[in-house]
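A.B. asks: So the protein sequences, as listed, match chains A and B. For what it's worth, this note's numbering labels the leading residue of the first sequence as 1, then goes sequentially. For what it's worth, this note's numbering labels the leading residue of the second sequence as 1001, then goes sequentially.
I should point out that these hints are in silico values taken from the structure, not numbers from a laboratory. Hints may contain errors.
BS3-like cross-link-like pairs, simulated, lysine-lysine; straight-line CA separation at most 25 Å [stated by the list, open to error]:
{"hint": "1", "chain 1": "B", "residue 1": "LYS1149", "chain 2": "A", "residue 2": "LYS125"}
{"hint": "2", "chain 1": "A", "residue 1": "LYS185", "chain 2": "A", "residue 2": "LYS165"}
{"hint": "3", "chain 1": "A", "residue 1": "LYS120", "chain 2": "B", "residue 2": "LYS1149"}
{"hint": "4", "chain 1": "B", "residue 1": "LYS1127", "chain 2": "B", "residue 2": "LYS1055"}
{"hint": "5", "chain 1": "A", "residue 1": "LYS89", "chain 2": "B", "residue 2": "LYS1055"}
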Amino acid sequence: MTTLLDVSAVTVRFGGVTAVNGVSFSLNKGELLGFIGPNGAGKTTMMRAITGVVTPTEGEIRLLGKILTKLPVHQRVRLGLGFSQQLVKPFRNMTVLENVALAAGSRHTASPFSALFRMKRQREKEQAAQLLAQVGIADAAEADPSNLPLGYLKRLEVARALALKPSLLLLDEPLAGLNHAEAHKLADMIVALNQAGQSIILIEHNLGEVMRICSRLIVQDNGNKIGEGDPEAVMNTSVVRAAYLGEGNGHAAA
Amino acid sequence: MLGLGAYEISVITAMGVAVIFALSLNLITGFCGQISLGHAAFYGIGAYTSALLTKAGLPIGVGLLGAVILAGLVGIIVGFASLRVRHDFLAITTMGVGFLFVGITRQLDFVGGEMGVSGIPDSGLSKAGFMLFVLLFVALTILFSLHLKRSWMGYSFDAIASDEDTARVIGLDVSRYKLAAFAMGTALAGLAGALYAHNVRFIDPESFGFVESITVLAMVVIGGIGSVPGVIFAAALLSILPLWIQFFDEYKLLLYGGLLFAMMRFSPGGMAGLARRIFPSKTRGVKS
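Working from the sequences, and respecting the hints, build out all of it.
C.D. replies: Take a look at the structure:
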């Protein structure tokens, strides 16, 4: 199997605080990897190091062999990284469909100059409509995102990321804030995407859904990786149980 | 000619220059969402450049071209300096650029210092001919604005104006787009400034001060940020109001200030937003 993403010994420090401490992991093509950890574990910081919002103090991140560590966000996206953000951020001055169509036309927007001479949007709108149907919000295509409930916006984030045809899709807490039924539905959709060949890293709080859909788990606590492997097995190790149950390291509750 | 008196011709010419100037700021503030409180500096750079080039004996075409290029170049430099600042900090930075321009032109002897530049050559055309010349540029500016808005560049500008960080998430090189907006908007302001200089034939630093920057921003805001027809209408109206009604000239700032306040309070979308509310074209919401 080909390694898609390779994170090696990444450390992120903010002043005196170490948010991520020498974490390494990798992702193979076609995998659906769950990245979990209790509150304050540094999951989002790890995600941000991959997307380029924060720069690691040490370590290296490679996507398909290319070093991402020093690149700005938009260049990482152009190398094949697509991500949905934890806090939904639709472009509020366009419709839901236009939000996705702009991402679908990313090859037209690589340079401002060529973008100035490109007018047609029809094909991208058709692609966007398909993606909206795929994530189940086709009914909101012409809606103003400001008027939509969170469940729709979460899926808009996913559709917009998919429109970039990323080789790796990073989903940062896509289920947060959704009710049980909505979360279940979105999780099923993530599985369907993965089965269609999409490589995905799912950063989540919702343990139930993560355990249900992910084939492999990485658990991080206090900035350290404390577990990796088969979901059932990882969750049964004493270190992980201790981290989740809030007890002293190594003294797991039986 | 055209059945217009000399007064109407001068009013229409002034209106045309104001429309180009307002549309130039609309590219930066309206389309790309980057506020500027110092746009008159680029208008001034264009005016001074063309005035000095033509006074040195070069043809007006060279003057206009020089104005566009120099204003655009300085615009790119200011754009670079502004890339790291946003919103209120960008407002303060650009305001500083506006004051800097006035401060520098006042001190430089070769641009006339406090006295300004007088005896600027006219276009060589008749008054009516120059009016048509200006209107030709107005038409080109309008066509360019409309084209830009419908292109993928305009589409990307919409995204950047809405949320820069998310624009990066879909792969947009936000810095390059902003620089492009600054370059185009300031170059066009330079053109407007050059046309202004050849129309009034006398310029001094005070013609391009903070009041001018606020006036042009008022045109964009009152017209409706980003709306081409709205900005054209507001620029045309606000540029002739003080000419039409002498009373307004003395109270120009009061009028613009009052209009800005009223627009922000009652119709943040400007006149274009007001028109859309009166004549709604389609309703938006989840179709059931």
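A.B. asks: Could you grab the alpha-carbon distance between B:LYS1149 and A:LYS125 and see if it respects the 25 Å cut-off?
C.D. replies: holds, 17 Å
A.B. asks: Straight-line Cα separation of A:LYS185 and A:LYS165 no greater than 25 Å?
C.D. replies: It holds: about 22 Å lies between the C-alpha atoms, which stays within 25 Å.
A.B. asks: Decide if the proposed pair is consistent with the structure: A:LYS89 and B:LYS1055, CA atoms, cutoff 25 Å inclusive.
C.D. replies: violated, 53 Å
A.B. asks: CA of A:LYS120 to CA of B:LYS1149, is that 25 Å or under?
C.D. replies: holds, 12 Å
A.B. asks: Just to be careful, I want the Cα atoms of B:LYS1127 and B:LYS1055 compared with a cutoff of 25 Å; is the pair within it?
C.D. replies: holds, 19 Å
The structure fails hint 5 only (numbered hints given earlier).
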